[in-house]
Amino acid sequence: MKTDVIAISPLGEGMAEALKEIERAAAYRGMTPKESLRLQLLGEEMMGMLRTIVGEGKSSFWVEAEGKTFSLHLRAGVRMNADLRDDLLKAATSGKNAAVKGFMGRIRDIFTQLSEPDGATMDPKEYGFSYVDVSSFDASMGVTTHGMLYGWSMKEYRSAVEEHRAEEPEKWDELEKSITARLADEVKVFIRGNTVEMVVEKAF
1 MKTDVIAISP
11 LGEGMAEALK
21 EIERAAAYRG
31 MTPKESLRLQ
41 LLGEEMMGML
51 RTIVGEGKSS
61 FWVEAEGKTF
71 SLHLRAGVRM
81 NADLRDDLLK
91 AATSGKNAAV
101 KGFMGRIRDI
111 FTQLSEPDGA
121 TMDPKEYGFS
131 YVDVSSFDAS
141 MGVTTHGMLY
151 GWSMKEYRSA
161 VEEHRAEEPE
171 KWDELEKSIT
181 ARLADEVKVF
191 IRGNTVEMVV
201 EKAF
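By our numbering, the letter at position 163 of the sequence shown is numbered 163, and the numbering carries on one by one without gaps.
Derived by calculation from the structure, the hints in this document are not laboratory data. C-beta atoms are modelled at their ideal positions from N, C-alpha and C, and glycine is treated no differently. Do not rely on the hints blindly, as some may be mistaken.
Cβ-Cβ distance ranges computed for the label pairs, FRET-style [what the hints assert, rightly or not]:
#, residue 1, residue 2, range
1, L11, E170, 29 to 37 Å
2, A166, A7, 42 to 50 Å
3, K58, H164, 32 to 40 Å
4, R24, G48, 15 to 23 Å
5, Y28, E170, 16 to 24 Å
6, E186, G48, 17 to 25 Å
7, A166, K58, 37 to 45 Å
Construct all of the structure, not just a fragment, from the sequences and the given hints.
What follows is the structure in structure tokens.
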């Protein structure tokens, strides 16, 4: 099943409706109130993170479910520039680097770095992204054979962080403290041009 696609504005319009879609999807699949709440928490986390990136654009949210396996999708058109990125950092609680702290903050910083004009020359592999073969990619993004598509996986990131836990304990600490990293089975991020899609997977 796939729910309705909900448009979410940078001001948060549509978020309540998106959370209702999660609740309805959970109820349709016979989830308990506690399981439904977990899915809603994951939705809140991902929508809150992307709201600070999309500028004046809107993002699209929907849920897909098969049995008791859910995937939350959030797609946004990202048109970031250095000035907007500076504004976002200034709006952070500390006014400095608080925006990039934590697991979700780290993902958000990856988005903004890669979507700045000068970021076009950066190698996404620097940030843990790898090239995705479009022939085997889920068609939900409407991917064609034109353009480069990059993907990132929380499972792969967690494995790499655990391997180097002694050298970079702060990254492991971020994972341990993150609601998303604790509750989700997988988080995938796909970047293609100015389009970003985040997929959070959870099975019960």
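Do the hints match the structure? See the list:
no. : hint                   : verdict
1   : L11 x E170: 29 to 37 Å : holds (32 Å)
2   : A166 x A7: 42 to 50 Å  : holds (45 Å)
3   : K58 x H164: 32 to 40 Å : holds (38 Å)
4   : R24 x G48: 15 to 23 Å  : holds (21 Å)
5   : Y28 x E170: 16 to 24 Å : violated (40 Å)
6   : E186 x G48: 17 to 25 Å : holds (19 Å)
7   : A166 x K58: 37 to 45 Å : holds (43 Å)
Going down the numbered hints, you'll see the structure goes against just number 5.
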